[in-house]
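Number of protein chains: 2
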Amino acid sequence: MTAHTRPEALTPRPEELTPQEAREIFRKGGSSPTAGWCASHTQVNLITVPADWAYDVLLFCQRNPKPCPVLDVTEPGSFSTALAAGADLRTDVPRYRVWEHGRLVDEPCDVIDVWRKDLVTFLIGCSFTFEAALTDAGIPMRHVDQGRNVAMYRTSRQCRPAGRMRGRLVVSMRPVPADLVGVATRISAMMPSVHGSPIHAGDPGALGIEDLARPDFGDPVDAQPGDVPVFWACGVTPQAALMASRPPFAITHAPGYMLITDARDTDYRLV
Amino acid sequence: MTAHTRPEALTPRPEELTPQEAREIFRKGGSSPTAGWCASHTQVNLITVPADWAYDVLLFCQRNPKPCPVLDVTEPGSFSTALAAGADLRTDVPRYRVWEHGRLVDEPCDVIDVWRKDLVTFLIGCSFTFEAALTDAGIPMRHVDQGRNVAMYRTSRQCRPAGRMRGRLVVSMRPVPADLVGVATRISAMMPSVHGSPIHAGDPGALGIEDLARPDFGDPVDAQPGDVPVFWACGVTPQAALMASRPPFAITHAPGYMLITDARDTDYRLV
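In order, the protein sequence lines correspond to chains Z and H.
Quick note: the first sequence uses our numbering, first residue -13, plus one each step.
Quick note: the second sequence uses our numbering, first residue -13, plus one each step.
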């Protein structure tokens, strides 16, 4: 070890980084899932489309606000957002997905090469934001404890379509001890711009979900005895609808590799 | 009185009408301010613009959600809304305003003659919705008691612009007894899609309001000793921004002559 090497013990852990420090790591080419990074700061989903698709996406989100809470929309061609001072939306997400006609063509760490002057970016709320509040209230996050991604399911419920955008509601599921379902509902209801209250609790079949052990996205999660499956509207919904409608070009974040904003999770709590 | 005449005493009072009955009265040419009509049903602001202005309006609303809570957006040319079964948006508002290049050109009771196939209508939440909840909680509505329209003021705060839409935040003011400001805040905070919590309480000067006795819209309202002026973001904001941006053509409702929907005020309460 030389005098210039920072001792390992002093290196900030991911949860201790500021959002600006984290974005700088990703801008320089670092890449990591962001769960647990920059504690108490708001992470968001990214959807980037050509300007002539922007109205359809925005209207789809207005008509389906529980799965699609829009937290910011950029000017065409701009790679700045009001949610993160100095951020560059072309480089500061740790991993992107590039889509052509609904087909995944690349998973790069920046999108400078494919950026266009007509692109509009939507930043959409993410359930990480209310998970922290649930954890603070003593509600176990089974998937976190099990080191897995949250389980997500395509339901049989159609979203209200908008222009070329249409698709089924996607939900995330968290097993919650039966006597805490009320608390989980109350706390997430206080955060309507990050999916709000659950849309359903108890009966997967009522949502058209046949087997909880086989999620459509993410990982299966083991429930504990006495847990009830609780379903929240999921930010994957607009992404799935967009891919199904096959725009000629689109960029999204890679699942779990979110944009970390300067906003605080508490900014999205009503009380 | 003939056998066919319904006795006056049995005629439903406006607050007892169903929304469908009220809309039918207006469709047939009746016209009245709608304050107090169809108790517990949600009344909304109407803004109708050519489709090529729709993205700017929708984005302005997304960027300024407290003054501009969008409850529905129609398909181009459609005069139906998901909020009111069977309603005709060209006839069911009791009085309209027709605008050309930002100038008021007519105040008709229907807009069938000027309707166009490229028109998109925005229905925007209204403070009538939270006023009922405040009244239920024992908070006096001074302007209602005084038989006046609510007092509205243009503030010095700029909204976040979107495309051609820009303008200052408009607020409504209600004098609230000092020991009830907390209750008024808590209850309205639970209704984020109808303006939510107040944006300010106490100091008109901090909002650039010079004289509470001279509102920019509505009527001056007399405060009682011990009242504090409480300010909520107001649905006049998007209308004022639209008029200032002078679209070639637009339709709005006339102030106080709202569309009465089938939705219930309680639909917009989180808890």
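Keep in mind that the hints were calculated from the coordinates and are not lab data.
Don't take each hint at face value.
If chains are identical, the list can't say which one is meant, so a pair holds when it fits in one copy or spans any two.
[Claimed, not checked] Using 25 angstroms as the maximum straight-line C-alpha spacing, the simulated SDA-like pairs for lysine to any residue come out as follows:
#1 K14 <-> D189
#2 K14 <-> G188
#3 K14 <-> R76
#4 K103 <-> T252
#5 K103 <-> A192
#6 K103 <-> P147
#7 K14 <-> L193
#8 K103 <-> R49
#9 K52 <-> D251
#10 K14 <-> D197
#11 K14 <-> I173
#12 K103 <-> R146
#13 K52 <-> T252
#14 K103 <-> M127
#15 K14 <-> P233
Exercise for the section: Pop the pair K103 and M127 into one bin, within, between, both or neither, using alpha-carbon distances up to 25 angstroms. Expected result: neither (41 angstroms within a copy, 51 angstroms between copies)
Exercise for the section: Using 25 angstroms as the alpha carbon limit, work out where K103 and T252 are close: within a copy, between copies, both or neither. Expected result: neither (34 angstroms within a copy, 44 angstroms between copies)
Exercise for the section: Can you give me the call for K14 and D189, within, between, both or neither, at a CA distance of at most 25 angstroms? Expected result: Neither: 46 angstroms inside a chain and 47 angstroms across chains, both beyond 25 angstroms.
Problem - Intra- versus inter-copy proximity for P233 and K14 (alpha-carbon distance at most 25 angstroms) - result: Neither. Shortest intra-copy (30 angstroms) and inter-copy (45 angstroms) distances fail the 25 angstroms Cα cut-off.
Exercise for the section: If the cutoff is 25 angstroms on CA atoms, where do K52 and D251 land: within, between, both or neither? Let me know, please. Expected result: Both. Shortest intra-copy (17 angstroms) and inter-copy (19 angstroms) distances satisfy the 25 angstroms Cα cut-off.
Problem - 25 angstroms Cα threshold - placement of P147 relative to K103 - result: Cα proximity of K103 and P147: across copies only (20 angstroms, versus 27 angstroms in one copy).
Exercise for the section: With 25 angstroms as the alpha-carbon cut-off, assign the pair K52 and T252 to within, between, both or neither. Expected result: Answer is both; intra-copy 18 angstroms and inter-copy 17 angstroms each pass.
Practice task
Using 25 angstroms as the alpha carbon limit, work out where K103 and R49 are close: within a copy, between copies, both or neither.
Solution key: between (27 angstroms within a copy, 21 angstroms between copies)
Handout entry: Same-copy or cross-copy closeness of K103 to A192 [CA-CA at most 25 angstroms]
Key = The answer is neither: 44 angstroms in one copy and 40 angstroms across copies each exceed 25 angstroms.
Handout entry: Same-copy or cross-copy closeness of K14 to D197 [CA-CA at most 25 angstroms]
Key = For K14 and D197, the Cα distance exceeds 25 angstroms both inside one copy (41 angstroms) and across copies (54 angstroms).
Exercise for the section: Tell me, please, which holds for K14 and G188 at an alpha-carbon limit of 25 angstroms: within, between, both or neither? Expected result: neither (45 angstroms within a copy, 48 angstroms between copies)
Handout entry: Homo-oligomer pair classification [L193, K14; C-alpha up to 25 angstroms]
Key = Classified as neither; 43 angstroms inside a copy, 43 angstroms across copies.
Comparing the model with each earlier hint shows violations of hints 1, 2, 4, 5, 7, 10, 11, 14, 15; every other hint is respected.
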